[in-house]
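**Student:** Chain residues, written in single-letter form:
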Amino acid sequence: MDFQLSEEEEAFRNEVRGFLDDNLPESHERTPEFLANWSKQIRERRWVGFSWPKDVGGGGGSIMEQVILKDEMAQRKAPSLGSCFMGLAWVGPAIIQYGTEAQKQKYVPDILDGKYQWCTGYSEPDSGSDLASLKCKCERDGDDYVVNGQKIWTSIAMWSKMMILLVRTDQASESKHDGITCLLVPMDTKGIDVRPIKNMSGGEMFAEVFFDNVRVPVENRLGEEGQGWKVTISALASERSSIAEVHGLIRKIDEVKDLARGTIRAGRVMSEDPGIRRRIAQAETKIEAMRLNGMRFLTKQLKGEPLGSETSINKLHRADLEVGLGELALEILGSSATLMGGSEPTVDGGAWAKYSLNWPEVVIGGGTPNIQKNIISERMLGLPKD
Amino acid sequence: MNFGFTEEQELLRAEVRKFLDQNASLDRVREIVEAPDSPRIEPALWARMAELGWVGLNMPEEHGGVGLDLETTLVVLEETGRSLFPSPLISTVIAGKAIERFGSAEQQARWLPGLADGSKIGTFAFLERSDAMGPEGVETLAKHDGDELILSGEKLFVSDAALADLFVVAVRSGSDAQSISLVVVEKGTSGAAASSFDVMDLTKSVGKLSLEDARVGVDCVLGTQGAAWPATQWLLDLGAALVTAEAVGSAEAALSITTEFAKERVQFGEQIGKFQGVKHPLAEIYVDVESFRSLVYYAIWALDQDADDAQVAVSRAKAYCSDAFPQAGIMGVQLHGGVGYTWEYDIQMYLKRSKWVRPMFGDADYHYERVARLGDL
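As given, the protein sequences belong to chains V and G, one line each in that order. For the first sequence, the positions run 446 to 831 when my numbering is used. For the second sequence, the positions run 46 to 422 when my numbering is used.
There's no promise every hint is true.
Unchecked claim - Here are some of the chain G residues that sit facing chain V, going by a computed Cβ distance under 7 Å:
| no. | residue |
| --- | --- |
| 1 | 68 |
| 2 | 313 |
| 3 | 316 |
| 4 | 318 |
| 5 | 336 |
| 6 | 340 |
Claimed, not checked - Estimated spans, in silico, between C-beta atoms of each pair:
| no. | chain 1 | residue 1 | chain 2 | residue 2 | range |
| --- | --- | --- | --- | --- | --- |
| 7 | G | 55 | V | 471 | 44 to 50 Å |
| 8 | V | 456 | G | 193 | 56 to 62 Å |
| 9 | G | 112 | V | 452 | 23 to 29 Å |
| 10 | G | 52 | V | 719 | 44 to 50 Å |
| 11 | V | 749 | G | 263 | 56 to 62 Å |
| 12 | V | 783 | G | 184 | 45 to 51 Å |
| 13 | V | 796 | G | 418 | 52 to 58 Å |
| 14 | V | 545 | G | 418 | 56 to 62 Å |
| 15 | G | 112 | V | 555 | 54 to 60 Å |
To be clear, the hints were calculated from the coordinates, so they are not data collected in a lab. Each residue gets a CB set at the ideal place from its N, CA and C atoms; glycine is no exception.
Can you build the whole structure from these sequences, using the hints too?
**Tutor:** The following block contains the structure:
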């Protein structure tokens, strides 16, 4: 085992650290002007889309350099690298791999510049975990595709200018994975109706999207007709070692520890309660296990071996922690955990109560824990599919 | 960056696995440990392992060792754990490290060659009747008498006590809480008597060391008398890390045996491994084993490097393992159904190993509390 960075990697880390020292103020001093300037600077350095090839405007960074960049940024709580979340996460990689020259020129620079948001039209009311069963109907009519159907759980659909959409072009294909086609659809196209859905914490982050004879030019098809599953799922499968995610969880557990230190119930500081101490230690241990699992995955990538379904290990840990840390905080707070809003004796305006309702976004959104367990048992342990 | 093993280490792993597959199948292990009054060792195999350099792997070359690191020993332990191979390897490695790290040049020259070549078996004797992991648990007294120490007390739960030629013993040198010394007591010392207990896990040997006015020379004290609590603590951490490393191999084998069973066993006209009620618990065991594997890899690295976070790293690994491995053993037996309850099927041997691992060098309660304390709680 060897955690030493190479000379070039060390130099890159120093470059990132130097940049952060010079340009990143404390959290409370981060004004809109700072953010605008920050976005410009990281874009000029090509740290947005850092892993993408240089010829499409990316940074051409190595796997190790990506980890260093994200790790340093996360440790200093820097703003995210780029603002077009889904564009950077999977739309861009799919376009770079399968798009035409024209598509690359049209969309990739805007994703890097964060000009607008992309949303993802995959899930349907009857196609959730079983995504490949999707039915949203699409027929060719001259130079257009005509789309009819419905999508659901589409995050930020109401604020997005573009959607990456999966539709069924072949109703008769033998395998449900065939006959799916991927389209890049402007959200202002006639016939698209977006209806926000209120979630259980009261927010509106996702929506239902209805398609009524929506005409999409054939040139907006990404990849070949009938190849949509490969085009999108291969991009989703560009698994990461998830090391940087750990920093967010570390910050959360630190907040839980502070909460325990500052909460007195029945005359006892909660950080002295043996049950609470053990659960905090367990959560911390699990976070460290995630970090180290991530290091092992990274090692595998560095050796040139593709990452497989072992990354589901950390997805399960993360799901457990997202739920568990909220529950732990509520347990520390006791009766006041039931309160929200500003009235005394509510703690922190009910922030923990609210936090405890936010986990589904991560826990369900990325494939439910039960699905992750299926993936592990079938692909890692070789158990039969059911 | 490489959070994994070198090619040489992987070659060693393959070599150890082949050796154990050929010489220590589970059937053979049963023959060794189920024999009446079995000493829980096959002397010929132990000698062969020592000859191959696997016992003295991390001991200094000048004293007959191979001069490698603990990380390489970890590779061997994962394999001995997989096979439930009965041997005093962990005990001997701890005794060797104690002498190498805290002993003088003379002491190293006196004891290490015998340990490295397998002719002497070493062990570490810490726990006593109170079962306490702190310095307060050490009540065995060391009294000065000229050039000698007179030791009196009783060390319990000593691994490989009945096999050991050499004991590294934690003793109390004064009333001050941390006034602890490490003393080497050789087998045959007058007043020192070792014996073994009946252990649930037949592949492990555990016993006691009784010291009744046992006399050893002051030249048997490792390091400074009365100031060895930090050294003792380090040895306890080393023990916890080595036990966890071996448990990785055992838990992985328990998972693999149960997974294979789930592929073969048919009920309701289906392989039971098709049912989510069976596959999900197996996936959970996989997640746990891979996670304490990562934690212990780092812990061993941290001990090798004397890293600042070595203590908390060890506690995280052992705590996670102490919860997860016994759970894997129980689930393994349960998923086997009735045959899992039989002596004949192998899964029960892993369940018993997990119960040996759980308290060894600190259970989950002890180590999670330590994680909390070291994390400023």
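**Student:** Between the beta carbons of residue 749 of chain V and residue 263 of chain G, is the distance compatible with 56 to 62 Å?
**Tutor:** 57 Å, holds
**Student:** Holds or violated: residue 318 of chain G as interface residue toward chain V, Cβ cutoff 7 Å?
**Tutor:** 4 Å, holds
**Student:** At the C-beta level, are residue 545 of chain V and residue 418 of chain G separated by a distance inside 56 to 62 Å?
**Tutor:** 60 Å, holds
**Student:** Is the gap between the beta carbons of residue 55 of chain G and residue 471 of chain V within 44 to 50 Å?
**Tutor:** With Cβ atoms ~47 Å apart, the hint holds.
**Student:** Regarding residue 112 of chain G and residue 452 of chain V, is the given constraint of 23 to 29 Å on their beta-carbon distance met?
**Tutor:** Given range 23 to 29 Å: holds, Cβ gap about 28 Å.
**Student:** Go through the hint on residue 68 of chain G and say holds or violated, using the shortest Cβ distance to chain V against 7 Å.
**Tutor:** Violated: closest Cβ of chain V sits about 28 Å from residue 68 of chain G, beyond 7 Å.
**Student:** May I ask you to test the hint 52 to 58 Å on the CB atoms belonging to residue 796 of chain V and residue 418 of chain G?
**Tutor:** 28 Å, violated
**Student:** That 54 to 60 Å hint for residue 112 of chain G and residue 555 of chain V (C-beta), does it hold up?
**Tutor:** 59 Å, holds
**Student:** Just tell me: holds or violated, for the beta carbon distance of residue 456 of chain V and residue 193 of chain G against 56 to 62 Å?
**Tutor:** 60 Å, holds
**Student:** Does residue 316 of chain G pass the interface hint, meaning its C-beta sits closer than 7 Å to a C-beta of chain V?
**Tutor:** 5 Å, holds
**Student:** Does the Cβ-Cβ separation between residue 52 of chain G and residue 719 of chain V fall within 44 to 50 Å?
**Tutor:** 46 Å, holds
**Student:** Was the hint right that residue 313 of chain G lines chain V, CB cutoff 7 Å?
**Tutor:** With Cβ-Cβ at 12 Å, over 7 Å, it is violated.
In this structure, the hints that do not hold are numbers 1, 2 and 13, in rising order.
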